[in-house]
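Engineer: Taken in order, these protein sequences are the chains called E and X. Each residue of the first sequence is one higher than the one before, starting from 1 at the first, in this note's numbering. Each residue of the second sequence is one higher than the one before, starting from 1001 at the first, in this note's numbering.
Hint data in this document are derived by calculation from the structure and do not stem from the laboratory. Please note that the accuracy of each hint is not assured.
To be verified - Sample of chain E residues at the chain X side, in silico, Cβ under 10 Å: (1) G23; (2) V26; (3) K35.
Claimed, not checked - Under the rule of at most 27 Å between Cα atoms (straight-line distance), these lysine-lysine pairs were calculated in the DSSO-like manner: (4) K1007/X x K36/E; (5) K1065/X x K36/E; (6) K21/E x K31/E; (7) K1033/X x K36/E; (8) K31/E x K1055/X; (9) K1007/X x K21/E; (10) K1007/X x K1065/X; (11) K13/E x K35/E; (12) K31/E x K1042/X; (13) K36/E x K1055/X; (14) K1034/X x K35/E; (15) K1055/X x K35/E; (16) K35/E x K1007/X; (17) K1042/X x K6/E; (18) K1042/X x K35/E; (19) K13/E x K1065/X.
Since the model is a prediction, treat every value here as computed from it, not as a measurement. The beta-carbon is built from N, C-alpha and C at its ideal position, and this holds for glycine as well.
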Amino acid sequence: MPLREKSDQELSKLLSEYGIKHGPIVDSTRKLYEKKLEEAMEDAPVEVPSPDKTFYREEVEEVTYITYHHSPVRQEVNSDVVRRRGNAEPDKEEEPLQYTEPPVQISKRTANHSAAPGIKESGCSVWKGVRLLLLLAVLAAAVYYAYCRVVNNEEDPFGIQ
Amino acid sequence: MSTTSQKHRDFVGEPMGDKSVTSLSGIGEILGKKLEQQGFDKAYVVLGQFLLLKKDSEMFSEWLKDASGANSRQAGSCSQCLREWCDSFL
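Turn these sequences into a full structure, and let the hints guide you.
Structural biologist: Here's what the structure looks like:
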């Protein structure tokens, strides 16, 4: 589109884009500004480009690993379902079973056992190991005690030595 | 250092009133006639054009060269004349 056919406003806008200080575009000034613009366009043929950038954003995806546990509970539940249904087709065992317990264990869960709720959580892995060892020791002692009792029950009651 | 002519000093020393376009510094008879043909028959009309161009000396000089065929010296002289007049009276 030649400059001559542009409106006064369009011309004014172009002049501003090329950084040409100008006054009102009237009959007596129009020709001059057209000439100025032509000169400017020859020097810099590339027009002011409109910003058209596409931004690519790298999104960090959080991956959670989900593990399914096929415990023997399933079989029992299966039979329950069959009994409950009664006349329902027993062939359709593969239909969505209603698990009593959610078999899905999301590995995000930390090993915060409720065995020692009283102990304050320090957050240090060393203390967790120590706690685990303590628990194992207590369990071993209990098992040994029970074993002794069972063994001694055949003869004398345990405690009399 | 600019040496101004008598014509210049005469023009910038007082309000222009209805002075002819040829009273402007740098504008002689030939250039004056050319401007009159385009409707610029009085000094104040040329002043009007100078003001429309926002008192930009370079722009005005360029316009004057195109409109009347003035050379750089003449255009520059007229431009300076008008600028100084504006400084005093506008």
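Engineer: Are the hints correct? Go through all of them and say.
Structural biologist: Taking the hints in turn, this is what the structure says about them:
1. G23: holds (4 Å)
2. V26: This interface hint holds because 7 Å falls under the 10 Å limit.
3. K35: holds (7 Å)
4. K1007/X x K36/E: It is violated: about 31 Å lies between the C-alpha atoms, which goes past 27 Å.
5. K1065/X x K36/E: Answer holds: K1065/X to K36/E is near 14 Å, not above 27 Å.
6. K21/E x K31/E: Holds: K21/E and K31/E sit about 15 Å apart, inside 27 Å.
7. K1033/X x K36/E: holds (26 Å)
8. K31/E x K1055/X: This hinted pair holds, its Cα atoms lying about 17 Å apart.
9. K1007/X x K21/E: Violated. K1007/X to K21/E sits at ~30 Å, over the 27 Å cutoff.
10. K1007/X x K1065/X: holds (20 Å)
11. K13/E x K35/E: Cα-Cα ~15 Å, so holds.
12. K31/E x K1042/X: holds (21 Å)
13. K36/E x K1055/X: holds (17 Å)
14. K1034/X x K35/E: holds (20 Å)
15. K1055/X x K35/E: holds (18 Å)
16. K35/E x K1007/X: violated (31 Å)
17. K1042/X x K6/E: Violated: K1042/X and K6/E sit about 31 Å apart, past 27 Å.
18. K1042/X x K35/E: holds (26 Å)
19. K13/E x K1065/X: holds (25 Å)
Taken one by one, the earlier hints fail for this structure at numbers 4, 9, 16, 17, listed in ascending order.
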